[in-house]
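If you read the protein sequences in the order shown, they are chains A and B. According to the working numbering, the residues represented by the first sequence are 1 to 224, in order. According to the working numbering, the residues represented by the second sequence are 225 to 519, in order.
What the hints contain is simulated information worked out from the structure, not anything from laboratory work. Hints may contain errors.
As the list claims (entries may be wrong) - For lysine-lysine, the following DSS-like pairs were computed, each having C-alpha atoms within a straight-line distance of at most 27 angstroms:
no. : chain 1 : residue 1 : chain 2 : residue 2
1   : B       : K417      : A       : K108
2   : B       : K266      : B       : K401
3   : B       : K483      : B       : K507
4   : A       : K120      : B       : K510
5   : B       : K401      : B       : K507
6   : A       : K92       : B       : K507
7   : A       : K108      : B       : K510
8   : B       : K510      : A       : K5
9   : B       : K507      : A       : K120
10  : B       : K401      : A       : K86
11  : B       : K510      : B       : K266
12  : A       : K108      : A       : K86
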Amino acid sequence: MIRGKYLLPNGRVLRYSFHERMIHWTAAVSYLYLLLSGLAFWSPWLFWIAIVLGGGTVARELHPWFGVIFSVAVCLMYGMWSKQMKETPADKSWWASIGHYIRNEDDKMPPADRFNPGQKFLFWGFFVNGILLLVTGLILWLPQYIPWNLRILRLISIFLHPVSALFTIALFIIHVYMGTAMERGAFGSVIRGDVSRAWADHHHHSWFQQVLREEDSPAKSSGD
Amino acid sequence: MSQASTEIVRISGHAGTVPGAGLNREYEVCKLVDTTTCIGCKACEVACLEWNGYTFTETTFDNTYQTMPETAWNYWNLIKFNEHENEDGNLMLLMRKDQCMHCADPGCLAACPADAAIVQYANGIVDFQEANCIGCGYCMTGCPFNIPKFSPKARKVFKCTLCNDRVSQGLEPACIKTCPTGCLHFGTKAEMKELAGMRAQQLRENSGYRNAGVYDPSGVGGTHVIYVLHDATNPEAYGGLPKNPQVPLMVRLWKHPLKWIGNFGIIFGAVGVFIHYLRFGPKIVKEDEQHGGTQ
Chain A
1 MIRGKYLLPN
11 GRVLRYSFHE
21 RMIHWTAAVS
31 YLYLLLSGLA
41 FWSPWLFWIA
51 IVLGGGTVAR
61 ELHPWFGVIF
71 SVAVCLMYGM
81 WSKQMKETPA
91 DKSWWASIGH
101 YIRNEDDKMP
111 PADRFNPGQK
121 FLFWGFFVNG
131 ILLLVTGLIL
141 WLPQYIPWNL
151 RILRLISIFL
161 HPVSALFTIA
171 LFIIHVYMGT
181 AMERGAFGSV
191 IRGDVSRAWA
201 DHHHHSWFQQ
211 VLREEDSPAK
221 SSGD
Chain B
225 MSQASTEIVR
235 ISGHAGTVPG
245 AGLNREYEVC
255 KLVDTTTCIG
265 CKACEVACLE
275 WNGYTFTETT
285 FDNTYQTMPE
295 TAWNYWNLIK
305 FNEHENEDGN
315 LMLLMRKDQC
325 MHCADPGCLA
335 ACPADAAIVQ
345 YANGIVDFQE
355 ANCIGCGYCM
365 TGCPFNIPKF
375 SPKARKVFKC
385 TLCNDRVSQG
395 LEPACIKTCP
405 TGCLHFGTKA
415 EMKELAGMRA
425 QQLRENSGYR
435 NAGVYDPSGV
445 GGTHVIYVLH
455 DATNPEAYGG
465 LPKNPQVPLM
475 VRLWKHPLKW
485 IGNFGIIFGA
495 VGVFIHYLRF
505 GPKIVKEDEQ
515 HGGTQ
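Take the sequences, apply the hints, and build the full model.
This is the structure in structure tokens:
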């Protein structure tokens with residue numbers, strides 16, 4: 001970490017750089033389009049979404065292109081976050097006390113690093129399912145190029161694509177809920193990029209301590 | 225037949241009831257293809273192009289008499305030519321007119337996500353409505369007969385209509401109209417089944433084709449195009465006619481268990497997080513003095 005990079009002059013802590021926020025929102029906007037157009041194709045009862053999006057044909061043409069944008073964003077996320085998302089031995093104790101986390105008894109939680117194990121799970125869930133969605137999506141994009149004797153690929157894709165999508169929807173619901181309603185301050189961190197010192201200390205204690213250590217400032221003593 | 229022949233029974237990707245289903249008495253129509261009297265003249269291929277207004281396209285030569293390897297988006301009717309050595313060691317040239325089978329349980333319709341892009345009429349015809357087609361190609365995967373074909377120009381999928389436009393006006397399909405040998409017949413499903421059964425019996429008893437039979441596969445609920453085959457035990461020999469065609473398992477799994485599990489999961493998730501909020505509320509971090517200092 002570069003000195004002075006994280007502790008901002010306004011007394012707040014930089015949580016996500018501009019680069020990270022841009023990639024996050026590229027993925028988020030493209031995912032939202034994929035989700036809505038995908039739901040339109042998922043159930044006849046939701047086909048009206050395709051009409052709202054400009055008609056079924058338009059939605060079918062654009063869905064794969066948004067998929068390409070989303071895939072690129074996920075790859076960039078892998079590049080910038082995969083190291084920080086690695087599982088550590090401490091994660092086990094975090095998962096063991098997940099009940100406290102759910103009941104908002106955060107003082108009973110082990111300290112989290114820059115990303116807590118739940119966030120790591122979200123990241124890897126989106127990464128693995130993103131790859132599955134990309135591979136099956138390419139087959140569904142251009143079925144006319146998959147010959148009849150390789151039809152099994154199209155059949156697997158027609159089933160696996162919605163299965164993977166459903167896993168991402170589960171992650172998405174929890175992610176959006178936690179990022180907007182449940183964890184106050186989290187949404188601002190991915191919009192403006194910064195959080196208060198108290199927030200950083202509360203939610204990502206280990207990370208905040210590291211920031212303080214590396215920035216080598218008098219704040220060292222104020223932590224905890 | 226009157227306009228009532230276009231009474232709809234099933235609509236793809238459709239929420240709610242199907243308008244008009246079961247209101248009228250309706251005969252199921254059927255095309256009978258007697259492969260044993262086909263001479264491979266391809267008049268049906270030409271008639272199909274002429275009636276449907278498609279131009280002749282480039283053919284593919286593959287050392288057989290067949291026009292192209294498989295049907296195309298603008299070539300719905302194709303006679304498949306297959307050299308086949310039978311049990312006695314005699315060579316037979318099997319000729320089978322390939323086209324949409326108009327299944328009673330259509331895999332294309334099951335897989336289609338677009339509202340009313342595929343309709344099944346009470347007379348058995350399964351027709352694509354290109355105006356509603358979104359070009360996803362799921363029908364191509366749902367079909368067990370490799371019939372729907374994607375048009376790169378229109379970016380929509382096309383196939384044989386069983387001349388729905390003719391049939392609804394009381395005419396027989398163009399291919400039937402033109403067949404010079406009488407190997408093609410058109411009528412009600414019951415009549416055609418009876419005729420096909422008689423012909424198969426004749427072949428078994430008088431022509432030495434012990435395995436002659438009728439191809440009306442039950443895996444897709446029966447079809448509205450049926451075949452008389454010299455050897456009904458080996459339909460694959462007739463240019464890959466599947467022995468037991470079915471709506472693919474993957475399509476069924478996706479449309480039935482997965483859809484219900486998925487819908488339940490999505491609603492459970494959305495309601496779940498809402499209840500969590502009501503019960504536990506947000507995580508609010510207090511801005512204490514310890515962290516409020518100017519650094």
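Check your understanding: Taken at face value, is the distance from the CA of K507 (chain B) to the CA of K92 (chain A) at most 27 angstroms?
Key -> Roughly 22 angstroms between the alpha carbons, so the hint for K92 (chain A) and K507 (chain B) holds.
Point to revise | Pairwise hint evaluation, K86 (chain A) against K108 (chain A), where the allowed Cα distance is 27 angstroms at most | key: holds (23 angstroms)
Point to revise | Satisfaction of hint between K108 (chain A) and K417 (chain B), Cα-Cα up to 27 angstroms | key: violated (75 angstroms)
**Study point:** Agreement of K401 (chain B) and K507 (chain B) with the hint, judged by alpha carbon distance not exceeding 27 angstroms
**Key:** violated (76 angstroms)
Exercise for review: For the pair supplied as a hint, K266 (chain B) and K401 (chain B), confirm whether the alpha-carbon distance does not exceed 27 angstroms.
Suggested key: OK: K266 (chain B) and K401 (chain B) at ~13 angstroms, within 27 angstroms.
Review point. Straight-line Cα separation of K510 (chain B) and K5 (chain A) no greater than 27 angstroms?
Key: Holds, because 24 angstroms separates the two Cα atoms, which is no more than 27 angstroms.
**Study point:** 27 angstroms Cα cutoff - pair K120 (chain A), K510 (chain B)
**Key:** holds (26 angstroms)
Review point. Keeping to a limit of 27 angstroms between CA atoms, is the pair of K401 (chain B) and K86 (chain A) held or broken?
Key: Violated, at roughly 70 angstroms.
Check your understanding: Hey, K507 (chain B) versus K120 (chain A), does the alpha-carbon distance stay inside 27 angstroms?
Key -> At roughly 19 angstroms apart (the allowed maximum being 27 angstroms), K120 (chain A) and K507 (chain B) satisfy the hint.
Exercise for review: With a cut-off of 27 angstroms on the C-alpha distance, tell me whether K483 (chain B) and K507 (chain B) pass.
Suggested key: Cα-Cα ~34 angstroms, so violated.
Practice item. Sort out whether K510 (chain B) lies within 27 angstroms of K108 (chain A), counting only the CA atoms. Key: Given pair K108 (chain A), K510 (chain B) holds - Cα atoms ~17 angstroms apart, limit 27 angstroms.
Review point. Is the straight-line distance between the alpha-carbon of K510 (chain B) and that of K266 (chain B) 27 angstroms or less?
Key: Roughly 83 angstroms separates the two Cα atoms, so the pair is violated.
Violation of the numbered hints given earlier is confined to hints 1, 3, 5, 10 and 11; the remaining hints are satisfied by the structure.
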